[in-house]
Structures are given as C-alpha cells and as structure tokens.
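Novice: Each chain, letter by letter, is given below.
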Amino acid sequence: MLRQVTQPTDPAQLADALESTDYLPDEGLATAAYLALVMHRPLFLEGEAGVGKTALARALAEVTGRPLYRLQCYEGLEASHALYDWDFGRQLLHLRAAEAAHATGDTEQLEAGLYDRRFLLARPLLQALEDSPSVLLVDEVDRADDEFEAFLLEVLSDFTISVPELGTIRAETPPLVVLTSNRTREVHDALKRRCLYHWLEHPDFDREVAILRRRLPEVTDELARQVARATGRLRELDLLKPPGVAEAMDWASALHALGCRELDPDTAARTLGAVLKYREDGERVRSLARGALFGA
Amino acid sequence: MPDTRDVVSTVLGFARTLRNAGVAASPDRVEAMLAAVAHLDVLDATAVYWAGRLTLCGSPDDLDRYDAAFAAWFSGQVPRGRPRGGDEPARLATVAPLTGGGTGDAGEEPSDLATKASGAEVLRHRDVAELTVAERVELRRLFALLAPATPMRRSRRRAPSPHGAVDAGRTVRAALRDGGEVRRLAHHRARPRPRRVVLLVDVSGSMSPYADALLRFAHAAVRARPASTEVFTIGTRLTRVTRELRLRDPDRALAAGGAAIPDWSGGTRIGEVLKAFLDRWGQRGTARGAVVVVCSDGWERGGAELLGEQMARLHRLAHAVVWVNPHKGRSGYEPLTGGMVAALPSVDHFVAGHSLAAFEELAGVITHA
Chain L
1 MLRQVTQPTD
11 PAQLADALES
21 TDYLPDEGLA
31 TAAYLALVMH
41 RPLFLEGEAG
51 VGKTALARAL
61 AEVTGRPLYR
71 LQCYEGLEAS
81 HALYDWDFGR
91 QLLHLRAAEA
101 AHATGDTEQL
111 EAGLYDRRFL
121 LARPLLQALE
131 DSPSVLLVDE
141 VDRADDEFEA
151 FLLEVLSDFT
161 ISVPELGTIR
171 AETPPLVVLT
181 SNRTREVHDA
191 LKRRCLYHWL
201 EHPDFDREVA
211 ILRRRLPEVT
221 DELARQVARA
231 TGRLRELDLL
241 KPPGVAEAMD
251 WASALHALGC
261 RELDPDTAAR
271 TLGAVLKYRE
281 DGERVRSLAR
291 GALFGA
Chain H
1 MPDTRDVVST
11 VLGFARTLRN
21 AGVAASPDRV
31 EAMLAAVAHL
41 DVLDATAVYW
51 AGRLTLCGSP
61 DDLDRYDAAF
71 AAWFSGQVPR
81 GRPRGGDEPA
91 RLATVAPLTG
101 GGTGDAGEEP
111 SDLATKASGA
121 EVLRHRDVAE
131 LTVAERVELR
141 RLFALLAPAT
151 PMRRSRRRAP
161 SPHGAVDAGR
171 TVRAALRDGG
181 EVRRLAHHRA
191 RPRPRRVVLL
201 VDVSGSMSPY
211 ADALLRFAHA
221 AVRARPASTE
231 VFTIGTRLTR
241 VTRELRLRDP
251 DRALAAGGAA
261 IPDWSGGTRI
271 GEVLKAFLDR
281 WGQRGTARGA
291 VVVVCSDGWE
301 RGGAELLGEQ
311 MARLHRLAHA
321 VVWVNPHKGR
331 SGYEPLTGGM
341 VAALPSVDHF
351 VAGHSLAAFE
361 ELAGVITHA
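If you read the protein sequences in the order shown, they are chains L and H. The first sequence: position 188 = 188 (UniProt numbering), numbered continuously. The second sequence: position 241 = 241 (UniProt numbering), numbered continuously.
To be clear, the hints were calculated from the coordinates, so they are not data collected in a lab. Heads up, some of the hints might be wrong.
Derived list of chain H stretches under chain L, where covered just means 3 residues or more per stretch with a C-beta under 8 Å from a C-beta of chain L [as the list claims (entries may be wrong)]: (1) 47-54; (2) 149-157; (3) 176-183.
Given the structure is predicted, the values throughout are model-derived calculations rather than measurements. Quick reminder that beta carbons are idealized off the backbone N, C-alpha and C, glycines included.
Bound conformation, chain L alone (with noise of 0.2 Å):
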C-alpha cells in the first residue's frame, strides 16, 4: 500500500514512505533524499550503473505525489532540448489566420502576440519549474558536456529560466533536483557543491534479499537468498560489468520462470546471461569452480 509523504518530519519517515513503494533504502539514502527535500538542495547521486540511482528519483516522485521529469544526458545536449523551444509552425499558422482574417491592428501587437506562452515548447527543465513543486531527474550528467554542466549550474542556483522573449520564469517551490552519474568523466567541482553528494553502493546480502523478496514476491524466500549470495560472490571477482540490483532481480525471475525453487549449479550456468553481460565474464565464470559460486 503507497504511504504518501509530501513533507517529511525525519529520514525514518520517508524511509518508510520509500518502503511502501517498494524502494528500500539504507539509512543514508534516506538520509539523503530527505535532506534534499528540506534543504532544497540538488541531490548528486554517484554509483555503479544498476544500484538504483534512477529509480530513486521515481520512487521519490511516487511518495511525494509530485511528478516526474526526466533529462537525460548526452554528449552535445543543447539548451533547447533542455530548457524550451519556440513552436515554429504554430507561430507561421498564427500570423496566416491573422492575415486571412484581414487583423488590421498595429504590427507590433501582432509581432508581440507570436511569442505568447502559447506558443513555446517546454523541454524538461522548464516543465519541472513551472509545474513545481516536481521532481526532476537529470540523468547521466557525465554525458553532457562542460558548457551545458555550466548553464545547469545556473539553472539549478537560483530555479529561475528567463525567456527573453517572456520574462522570466521561477519555481514558487523549487523542484526536488536528482542528479545521476555514472563516472563516465569528473563532474566540475562547482556543480558539485551545489549538491548533496551521495555515493551509492550496492545493497548489502540482507537488503539484497528484502528487495528481491518485495519486487519479485513469487519467488521463493531460499531462491531469493542464494540469488542474492551468489550475486554478492560474482561482485567480487573483479569482472567488467559486475552485476547490479536490476541484474539480480532479473536473475531471480528467469530462474523462477524456468521453475526453480532453488539454485543448482547447473540452472546457474544456463541462466547467466540473465546476470553478466560480457561474453569475457561468462566465460570467467564458467571457467571457475561452479560449487564455490553457487552452492550454499
């Protein structure tokens, strides 16, 4: 059952919130998130891909009643697929009608007239500032590029778009800012200190087996347990692509498909790609000894 929470009192209180939309965080992401909410602060999110960075931002859109914009990132992002854009066709459409319904009136009015609000096309950034209170989730901001990390550092001071042609544009309440990172690149350093900084780890065995238990509830408590252990295990063989929380959810589900109630060495082997998505770490794996992976 969803327990909204629009205005926390402590972190406890949004971790339960958190938890009924089955998001389960530690302490101190709910720590996290909570101070993001009441400081109004961006909330910087550093990890792994697949320890849940993103799906914070939902789980929190979820709790908080709020809705959710999302930008994602990448590598020459412009300002008008970030902020807003003119709708060129609308505006040509609108000066024809006038001029077919023989408008008269002073050229300058009409001019003024074609860059109403109407008439523009809100893009992510401006969307969560106008329907504030939001959340906005920035996703990937190692993907842009250094000029945009500059004009969202702006954006993200004050909460504030202006439109040349408008005016300007302010949150009354600003939006509740995630930012995500995978470390592709450094993030700048100012951007940063905008934020709360949050390093996101993987979830530890007994947290591990309470999300797949709660996201996948048909599985059984011992699959759900030995998924996670062995999940836990293949962390720490150094691989490529060690395998995240989404990775062990998805694991546990093909094994249920496949109608195991627990993991044998041999459903283990044929299911992996479910878990490791390099060829090199299947082999790695495959290679090793399958009863000190998998077995109990």
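Position chain H relative to chain L; hints supplied.
Specialist: Frame of chain L; chain H shown alone:
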C-alpha cells in the same frame, strides 16, 4: 538540548580535521553541513555522520578519508563499512629524473641563425636516445612547437551553414520578421567536434631514454586541446597525469608529472595496467570513440596473453588504436617481443617514436585516425 555554539565549534573543528586529511571541505560546504545538521537530530551520531558525508564529500575518493576523520574527531564508530568503488588511497610521490642530466639553459646555444636552422633539420631525424645534453635542450624547444591537431568527429550540435538540412528555427524567425513570408531557407549542419585523444605512456626502465620525449609530445598535445586530451603513464601501475601536464611551461609540467608518477623506471606489466585503465577509465567512456595512443616498446613482464586480451578490448572501445614504438625507427627492427606480437592484431597504426620527425608523423597519424 545542546548549545548552538557547541554544535558550530564541533563542526568547524571536524571540518579542520577533514581538511588536514586531504578533503577539500570548503567553507560553503561546511555551511551546508551546519544547515543539514539543523534538520536532523544533533545527538544522533549516525545523523551527524551522514549530514557531514553528504555535504562535505565530493567524490568516492573522499569517503575513506571522511570515515577516518569522523572516527578520529567524534571518536565514535562509523556507521558503514568501507565504501566500494573508491580508488586506491593517496600515495607518496617520488621525484623522478626527467631530463638526461641536462640542467636547462647550458651556455652552448648556436648563435648563428643558419647553423641553427640546419642543426634543427639534422636534429629532427636523430634518435632522441642518442643526443648530447646541448642537443636535448635545443630539441626541447622544437618540441614545444609541436601542436598535434585533434581528429574531429560529427556531433549532434548544429551550426548555420550555407548547405545542409533546413534550419526550421532560423527560417521561421526570418519569415516572422517578413510578415510570415518565407523568402529564403536557412540551413544548418552538424558541427564537427574534437575527438578525444588518450595517450598511454610507458615509463618503465626499458623506455627511459624516450619517456622524456614522449611526455613532451603528450604535453604539446594537452596544450593544443586541453579539454579533449587525456594522458596516463603506465609501468607497474596506472597514473593519470593530465592535470599536471596542463601547466603551460613544459619543464614545470613535466616536473609536476614526474612527481605524480610513482613507478618511474620500474618494470612493465602493460597487460595488467591496461586492464586497470580499461576498468577504471576506458569502459566508463574515456576510451570510447577516442583515438588511443599506446607508447611502449612492448617489453612485457607479465603474460603476453593478458596484454593481447586487453588490447582486443581496447580495440573494441576505441575509434582507433595507435602503437608508438621507438625501436621501430631502427633499421632492421622486427616486432618480435611477446608483448608486441600479442598486441599488433589490435593495433590500427604502428608507428615509430624515436625522433622529432617521427613525432611529427605521429601527430599526422593522430589527426587523420
């Protein structure tokens, strides 16, 4: 209820401890910590731990130091175990010999312009390992003039251009000024962007006659395109020296770089170090789509098999792989060492790197890779 002044002085003291431990913890961050503490239970050690960690730290490297400083200052337990994913702890740097005994400006400059020019021409083709001190000094000056042009790639950003796709935005904006009449179509096309160049310079013992020249080349490359060039040294371990090489003056930059390299003139385990590079940097994106230049003689102490595997991996990630081997410039050289044999199938361009002329050629290869 604890006194506010107590909280402030405790936090300030902690921040000082943390700064001594090497975490930046700037005043605005400390202010943020105070604000965070105000929102939490001040008497709860775990809450204070997280309030500080979330506001004062800025990278996974900071976390271990934070934990240690927290335990020292509050002499309490640290809530969680060692954070994963952090890099190795800071190491003491050693100063390395960078120049072949040369001490900068020796008073032996040729005064005559003509001799200087012809001397430069001869120097261009000389093997840098066989130069006298004076020749080295002269060559260094020529190195500073090397500015390898960066290869370009297409990007998603577009710039106005007389040809190319129709730019709806500009076309309509112009039309709006003309009362809605489209008189002329504006065009734009993808703007080329510099492609990343990654240099991996072998600084092991067998490469020491060439390491200085290679690092000078790397410095020239970083100076030419600071934002899109990365330099690492490889030997027994991987060291990122990009930041040090950004210094303007080559000698100061190389001294800083040398101070950052802990394994100067040690052995070589290229396979292992390459794996470390790919795990920590390459896979995440530094090598992806980049021109990667490996500068090494391929003397491998570790298994050549690992090197072969990692080179194949690098080849799949990178746009182009260039291998620079100074020995290739010698007549009669054949790539027979185990490491070279294992690496060559994954190399796009195999070039020499023993003289200024060879470096000029290398700059050309990088530009057109």
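Novice: Are the hints correct? Go through all of them and say.
Specialist: Going through the hints against the structure:
no.: 1; hint: 47-54; in the structure: holds (count 5)
no.: 2; hint: 149-157; in the structure: holds (count 3)
no.: 3; hint: 176-183; in the structure: holds (count 3)
When each numbered hint is compared with the structure, no violation occurs for any of them.
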